[in-house]
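Student: The chain contents come next:
Protein chains: 2
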Amino acid sequence: MQTPWDHRYAQRTQRMKASAIRELLKLVENPEIISFAGGLPAPDVFPVEQIREACNRVLTDHSAAALQYGSTEGYLPLREMIARHTSRSGVEIKPENILITSGSQQGLDLIGKVFINHGDRILLESPTYLGALQAWNQYGAEYVTVSTDDDGMVTEEIEQALRTGPKFIYVLPNFQNPMGVSMSLDRRVKLVEMADRYGVPIIEDDPYGQLRFEGEHIPGVNALDAKLHVQNGKYTGNVIYMSTFSKILSPGLRLAWIVAPDEVISKIVMAKQGTDLHTATFNQYVAYEVGHGGFLDQHIQHICEVYKERRDAMLDALEEHMPDGVTWTRPKGGLFLWVRVPDVCDTTEMFPAAVRNKVAYVPGESFHPLGGVTNTMRLNFSYCNPEKINDGISRLGKMLKEELYSA
Amino acid sequence: MQTPWDHRYAQRTQRMKASAIRELLKLVENPEIISFAGGLPAPDVFPVEQIREACNRVLTDHSAAALQYGSTEGYLPLREMIARHTSRSGVEIKPENILITSGSQQGLDLIGKVFINHGDRILLESPTYLGALQAWNQYGAEYVTVSTDDDGMVTEEIEQALRTGPKFIYVLPNFQNPMGVSMSLDRRVKLVEMADRYGVPIIEDDPYGQLRFEGEHIPGVNALDAKLHVQNGKYTGNVIYMSTFSKILSPGLRLAWIVAPDEVISKIVMAKQGTDLHTATFNQYVAYEVGHGGFLDQHIQHICEVYKERRDAMLDALEEHMPDGVTWTRPKGGLFLWVRVPDVCDTTEMFPAAVRNKVAYVPGESFHPLGGVTNTMRLNFSYCNPEKINDGISRLGKMLKEELYSA
Numbered sequence: 002m003q004t005p006w007d008h009r010y011a012q013r014t015q016r017m018k019a020s021a022i023r024e025l026l027k028l029v030e031n032p033e034i035i036s037f038a039g040g041l042p043a044p045d046v047f048p049v050e051q052i053r054e055a056c057n058r059v060l061t062d063h064s065a066a067a068l069q070y071g072s073t074e075g076y077l078p079l080r081e082m083i084a085r086h087t088s089r090s091g092v093e094i095k096p097e098n099i100l101i102t103s104g105s106q107q108g109l110d111l112i113g114k115v116f117i118n119h120g121d122r123i124l125l126e127s128p129t130y131l132g133a134l135q136a137w138n139q140y141g142a143e144y145v146t147v148s149t150d151d152d153g154m155v156t157e158e159i160e161q162a163l164r165t166g167p168k169f170i171y172v173l174p175n176f177q178n179p180m181g182v183s184m185s186l187d188r189r190v191k192l193v194e195m196a197d198r199y200g201v202p203i204i205e206d207d208p209y210g211q212l213r214f215e216g217e218h219i220p221g222v223n224a225l226d227a228k229l230h231v232q233n234g235k236y237t238g239n240v241i242y243m244s245t246f247s248k249i250l251s252p253g254l255r256l257a258w259i260v261a262p263d264e265v266i267s268k269i270v271m272a273k274q275g276t277d278l279h280t281a282t283f284n285q286y287v288a289y290e291v292g293h294g295g296f297l298d299q300h301i302q303h304i305c306e307v308y309k310e311r312r313d314a315m316l317d318a319l320e321e322h323m324p325d326g327v328t329w330t331r332p333k334g335g336l337f338l339w340v341r342v343p344d345v346c347d348t349t350e351m352f353p354a355a356v357r358n359k360v361a362y363v364p365g366e367s368f369h370p371l372g373g374v375t376n377t378m379r380l381n382f383s384y385c386n387p388e389k390i391n392d393g394i395s396r397l398g399k400m401l402k403e404e405l406y407s408a
Numbered sequence: 002m003q004t005p006w007d008h009r010y011a012q013r014t015q016r017m018k019a020s021a022i023r024e025l026l027k028l029v030e031n032p033e034i035i036s037f038a039g040g041l042p043a044p045d046v047f048p049v050e051q052i053r054e055a056c057n058r059v060l061t062d063h064s065a066a067a068l069q070y071g072s073t074e075g076y077l078p079l080r081e082m083i084a085r086h087t088s089r090s091g092v093e094i095k096p097e098n099i100l101i102t103s104g105s106q107q108g109l110d111l112i113g114k115v116f117i118n119h120g121d122r123i124l125l126e127s128p129t130y131l132g133a134l135q136a137w138n139q140y141g142a143e144y145v146t147v148s149t150d151d152d153g154m155v156t157e158e159i160e161q162a163l164r165t166g167p168k169f170i171y172v173l174p175n176f177q178n179p180m181g182v183s184m185s186l187d188r189r190v191k192l193v194e195m196a197d198r199y200g201v202p203i204i205e206d207d208p209y210g211q212l213r214f215e216g217e218h219i220p221g222v223n224a225l226d227a228k229l230h231v232q233n234g235k236y237t238g239n240v241i242y243m244s245t246f247s248k249i250l251s252p253g254l255r256l257a258w259i260v261a262p263d264e265v266i267s268k269i270v271m272a273k274q275g276t277d278l279h280t281a282t283f284n285q286y287v288a289y290e291v292g293h294g295g296f297l298d299q300h301i302q303h304i305c306e307v308y309k310e311r312r313d314a315m316l317d318a319l320e321e322h323m324p325d326g327v328t329w330t331r332p333k334g335g336l337f338l339w340v341r342v343p344d345v346c347d348t349t350e351m352f353p354a355a356v357r358n359k360v361a362y363v364p365g366e367s368f369h370p371l372g373g374v375t376n377t378m379r380l381n382f383s384y385c386n387p388e389k390i391n392d393g394i395s396r397l398g399k400m401l402k403e404e405l406y407s408a
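Respectively, the protein sequence lines represent chains A and B. Under the working numbering, the first sequence has 163 at position 162, and the numbering climbs by one with no breaks. Under the working numbering, the second sequence has 259 at position 258, and the numbering climbs by one with no breaks.
Here chain A stands alone, though its shape is the one from the complex:
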């Protein structure tokens, strides 16, 4: 007799769905398809030789420690390096407030584990990062949403949403995934003040902040909050900040970090102990070796040059190939832009036809926590070179023209 496994799953398992994006990515593995669907960094900018040298140095000088179990908090020199780096953006952080995670997705999971009871409401943007929804659905989260426009999360809607009693606010202020927009300074200040007034914590997810191609750096939500909350040189504030090496070094190393006040970080560290003991020691040593001499600063500049050219190529191609009635965002950094097509087009329904036409995007629907928006798509501009970008957008434009003509 077979085991009736399906009677054994936890309730939360019934809410789990395979990520629409990851399933799409499997469909588009065919190299003939020009894919704007992934969130993939360009492999051309991986600093392969620096990583090779780092691996060699780590194995020569530190093999006994780097191949061994490590501390849950993470490799101290790496945390010190991150703390130094963060200080440059105006937030004084101690290494003790930093936890190294296996990618930012794990940061989201751990935050869910530590904070979310079944049925808790999370206040977030719509559209927002799909991975956060996927992480927090597993803990039974519900969502209260506010809109996002070209200046980021619409703070005018926040107070109403705060009065529903959310557990925390989740925001991606820089080059937001999926829209590519950034929150204005004004709105950041308002967000911090409002969260402070209601005593509701903010999770600031910042994977793309360093990838700014133009315009001035805008102080982070954590930096603005720190002005209110540093006491005796100790940060006691309202914000948990997350960032990652995935977009500035390599996602395949799975290295990211969380910054949180003392009492909070100790809870997240405990959750991580039970979850996977610690992040890969070897990878942390390698990232430190690559980064500690300042290499990442110049490398980020290089990435920005490459991505700026690709963004420009995509904006030009959109201008050239898109039919009337199609609009898009004009990101000043990051990896993505967001396209809105006329209401008569359903980008989810169009997707199989796009794949037949050998071009792929992510239908916008899945980024909306409460669903209901079907005329948007996320386009990634970091992965393909300018020529491919032009080809792909041309295919997409042709398709959309046919769609609109037949509608």
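None of these hints come from the bench; they were simulated from the model. Ideal Cβ positions, reconstructed from N, Cα and C, are used throughout, including at glycine. Heads up, a few of these hints could be off.
Label-pair ranges, simulated between beta-carbon atoms [as the list claims (entries may be wrong)]:
#1 B:Asn386 with A:Thr61: 20 to 30 Å
#2 B:Glu33 with A:Pro32: 41 to 51 Å
#3 A:Arg89 with B:Val345: 53 to 63 Å
#4 A:Val345 with B:Gly294: 54 to 64 Å
#5 A:Pro96 with B:Asp347: 35 to 45 Å
#6 A:Glu350 with B:Asp187: 53 to 63 Å
#7 A:Gly120 with B:Pro96: 34 to 44 Å
#8 A:Asp325 with B:Thr237: 52 to 62 Å
#9 B:Arg122 with A:Ala408: 56 to 66 Å
#10 B:Thr237 with A:Asp152: 51 to 61 Å
No more than 20 Å apart at the CA atoms, straight line, and that leaves these computed lysine to aspartate or glutamate pairs for EDC-like [to be verified]:
#11 A:Lys27 with B:Glu97
#12 A:Lys18 with B:Glu97
#13 A:Lys399 with A:Asp317
#14 B:Lys18 with A:Asp263
#15 B:Lys27 with A:Asp263
#16 B:Lys27 with A:Glu97
#17 A:Lys18 with B:Asp263
#18 B:Lys235 with A:Asp7
#19 A:Lys27 with B:Glu81
#20 A:Lys18 with B:Glu264
#21 B:Lys18 with A:Asp7
#22 B:Lys27 with A:Glu81
#23 A:Lys235 with B:Glu81
#24 A:Lys27 with B:Asp263
#25 B:Lys18 with A:Glu264
Assemble the complex: chain A is given as a structure, and chain B must be docked to it using the hints.
Tutor: Okay, now just chain B, sitting in the frame of chain A:
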């Protein structure tokens, strides 16, 4: 005003405790202390040059893929290699049934996530692996325990425990952590039959199975179950099997795997997507490069020779230095043995004195899911060389003699 973080944590967070072992390990970082506390492989057996060559080959031949995001399931050639290897022990496994995890601890966490509702009972050995308790406490698990003796989990007690309706059975049949004992073939067969009769799944955790120094290989619980449950070449059985590269290659790479029937593995894969997207791609490529030519077979032999010598050193030292009334297990493999001291000694209370005497162990109490046993300790024999082992056991013996004399 400060944010009242402590009012924001989820209920599960209140159950979280820092691992006793990991906290102990911080205490014993002083190099003068001879530590039998960790579960650390000997760094002398890390195959540093093989890993260096593998890193170089991966970065030369596969950098674009190895540094990029990867599939949640894991690098296919690595899963194929594991499948081939598993087949040698008599269980035909397809790569599709294998998920690569960030260490076995993540396997335990994902199993908890997919199966455990708050209040669910898990049937396990007492004492058992602490990390499993730590993972599953976070999902609100309760425990039903059966004893373990020199032949492993006492199957005579299982039926009674099964009638309490546990969600699953958790067992470490080979060189169990913490006791070092292995389950006899007889008992394995009984366990599989009983689980089958009650329709209760088994989680078989096997990190040490390949580290056998003497005696015959005993078929795994999964192999015995497969005899009942292979239909048309497809495994539809009752067992989720876990193993790891931590003890045969390097724990710092954080690479382990789960094997489960089709429908179950797909749920665990979904849970992993939301948890950390995927295991570090680079590390998977490196492990494949190190392992695929058969190197691990000879390497495991080498590890066994080193550890056997250390186990023998520890058994000899115990014989020489321990006072009457102290007993211990005689493992045929693995990393640990288990010492029982007279009831008047409380190994938890003794611990600070041990550290003052510059020797460390793990008090046995924390391995007992329901607590209550205070006269045991776990000793690791893989990490220290024979000379240190003799010194450390001598210090421990002296201390115990004083303890007993003063009692």
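Student: Hints first: check each against the structure and report whether it holds.
Tutor: Against the structure, the hints:
One distance hint, 20 to 30 Å for the beta-carbon pair Asn386 of chain B and Thr61 of chain A, holds here, with the actual separation near 23 Å. At roughly 58 Å, the beta-carbon separation of Glu33 of chain B and Pro32 of chain A lies outside the given 41 to 51 Å, and the hint is violated. Range check, Arg89 of chain A to Val345 of chain B: about 59 Å between beta-carbon atoms, so the 53 to 63 Å window is met. For Val345 of chain A and Gly294 of chain B, the Cβ-Cβ distance of about 58 Å falls inside the hinted range of 54 to 64 Å, so the restraint holds.
Distance hint check: the CB atoms of Pro96 of chain A and Asp347 of chain B are about 36 Å apart, consistent with the given range 35 to 45 Å. Range check, Glu350 of chain A to Asp187 of chain B: Cβ separation about 60 Å, and the 53 to 63 Å hint holds. Between Gly120 of chain A and Pro96 of chain B the C-beta distance comes to about 39 Å, which sits within the given range of 34 to 44 Å. The hint said 52 to 62 Å for the Cβ distance between Asp325 of chain A and Thr237 of chain B, and at roughly 56 Å that hint holds.
At roughly 57 Å, the beta carbons of Arg122 of chain B and Ala408 of chain A sit within the given window of 56 to 66 Å. In this structure the hint that Thr237 of chain B and Asp152 of chain A lie 51 to 61 Å apart at CB holds, the actual value being about 55 Å. The suggested pairing of Lys27 of chain A with Glu97 of chain B holds, with an alpha-carbon distance near 15 Å, which does not exceed 20 Å. As the CA atoms of Lys18 of chain A and Glu97 of chain B are separated by approximately 19 Å, the hinted pair is consistent with the 20 Å bound.
Taking the CA atoms of Lys399 of chain A and Asp317 of chain A, the gap is near 15 Å; set against the 20 Å cutoff, the hint holds. For the suggested pair Lys18 of chain B and Asp263 of chain A, the alpha carbons sit about 16 Å apart, so the restraint of at most 20 Å is met. Note on Lys27 of chain B and Asp263 of chain A: the hinted pairing holds, with a Cα-Cα distance of about 18 Å set against a maximum of 20 Å. Proximity of Lys27 of chain B to Glu97 of chain A is assessed by CA-CA distance (about 15 Å); at most 20 Å being required, the pair is judged to hold.
Taking the CA atoms of Lys18 of chain A and Asp263 of chain B, the gap is about 16 Å. The hint holds against a cut of 20 Å. Distance restraint check for Lys235 of chain B and Asp7 of chain A: the Cα-Cα separation of roughly 18 Å lies within the 20 Å cut-off, and the hinted pair is therefore satisfied. With a C-alpha separation of about 19 Å, the suggested pairing of Lys27 of chain A with Glu81 of chain B holds against the 20 Å cut-off. For the proposed pair Lys18 of chain A and Glu264 of chain B, the alpha carbon gap of about 14 Å is at most 20 Å, so the pair holds.
Distance hint between Lys18 of chain B and Asp7 of chain A is unfulfilled; the C-alpha atoms sit about 31 Å from each other, more than 20 Å. As the CA atoms of Lys27 of chain B and Glu81 of chain A are separated by approximately 19 Å, the hinted pair is consistent with the 20 Å bound. With a CA separation close to 51 Å, the supplied pair Lys235 of chain A and Glu81 of chain B exceeds the 20 Å bound. A threshold of 20 Å between alpha carbons decides the hint, and for Lys27 of chain A with Asp263 of chain B the separation of about 18 Å falls inside it, so the pair holds.
For the proposed pair Lys18 of chain B and Glu264 of chain A, the alpha carbon gap of about 14 Å is at most 20 Å, so the pair holds.
Figure legend: structure checked against the earlier numbered hints; hints not met, in rising order: 2, 21 and 23.
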